[in-house]
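*Asks:* Spelled out from the first residue to the last, the chains are:
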Amino acid sequence: NAGVTQTPKFQVLKTGQSMTLQCAQDMNHEYMSWYRQDPGMGLRLIHYSVGAGITDQGEVPNGYNVSRSTTEDFPLRLLSAAPSQTSVYFCASKGGQGAYEQYFGPGTRLTVT
Amino acid sequence: GESVGLHLPTLSVQEGDNSIINCAYSNSASDYFIWYKQESGKGPQFIIDIRSNMDKRQGQRVTVLLNKTVKHLSLQIAATQPGDSAVYFCAESAVHDMRFGAGTRLTVKP
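Protein chains in written order, with our numbering: chain A, 1 to 113; chain B, 1001 to 1110.
Hints are computed from structural coordinates only; laboratory data are not their basis.
Keep in mind that the hints are not guaranteed to be accurate.
The calculated lysine to aspartate or glutamate pairs, modelled on EDC-like cross-linking and capped at a C-alpha distance of 20 Å, are [as the list claims (entries may be wrong)]:
| id | chain 1 | residue 1 | chain 2 | residue 2 |
| --- | --- | --- | --- | --- |
| 1 | B | 1042 | A | 30 |
| 2 | B | 1056 | A | 26 |
| 3 | B | 1042 | A | 26 |
| 4 | A | 9 | B | 1039 |
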């Protein structure tokens, strides 16, 4: 299994540009999530999904959209990038009901100028 | 609001010594706690977990202690090795939410 994969690894955007961060997992996990990691602040939950067709907001959802059309994929969209969205983004997944351990991808480092 | 935090942002230990990383949490409703290790440029990696109905759990060279009375969690690493150098996060979890502390950077001196 490849586990959780993310693309791209690095990205530089100008303010106002849009882009999609890709996340995929091959473990047939129902739950997937997106976090951002900023210095000194730990990981903060952006959006999560408990299954295909179901998404919900986390702690810091503003400026981000998600969709979950398949079990495997959970893309994160930035519609109009802002410098405050400069961060490292991690996607994670975990198994079915009652599972707590999350498996993280390698991250995407995004810089918005 | 609820928060998960760490007492020390950095910890430096000699190779072969034991390491203790501490964490304070404030959400008494959390029923599951996890320690993650994050190496530079990588995603967090699961180390060990503990449920709220336990006070101690041991893994390979690692032990997690949970003190619910004072809402304190610790990670003990025995015989610390250079490969243990990383940032360590504690996290508290409900089923659809996981809150992370800011992390402690562990440096192992040869």
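*Asks:* None of the hints should be skipped; say for each whether it holds.
*Replies:* Results of checking the hints against the structure:
Of the pairs offered as hints, the one joining residue 1042 of chain B and residue 30 of chain A is violated, with about 23 Å between alpha carbons and a cut-off of 20 Å exceeded. Under the criterion of a C-alpha separation no larger than 20 Å, the hint pairing residue 1056 of chain B with residue 26 of chain A is inconsistent with the structure, at around 33 Å. With a C-alpha separation of about 19 Å, the suggested pairing of residue 1042 of chain B with residue 26 of chain A holds against the 20 Å cut-off. Proposed proximity of residue 9 of chain A and residue 1039 of chain B is supported: the alpha carbons are some 16 Å apart, at most 20 Å.
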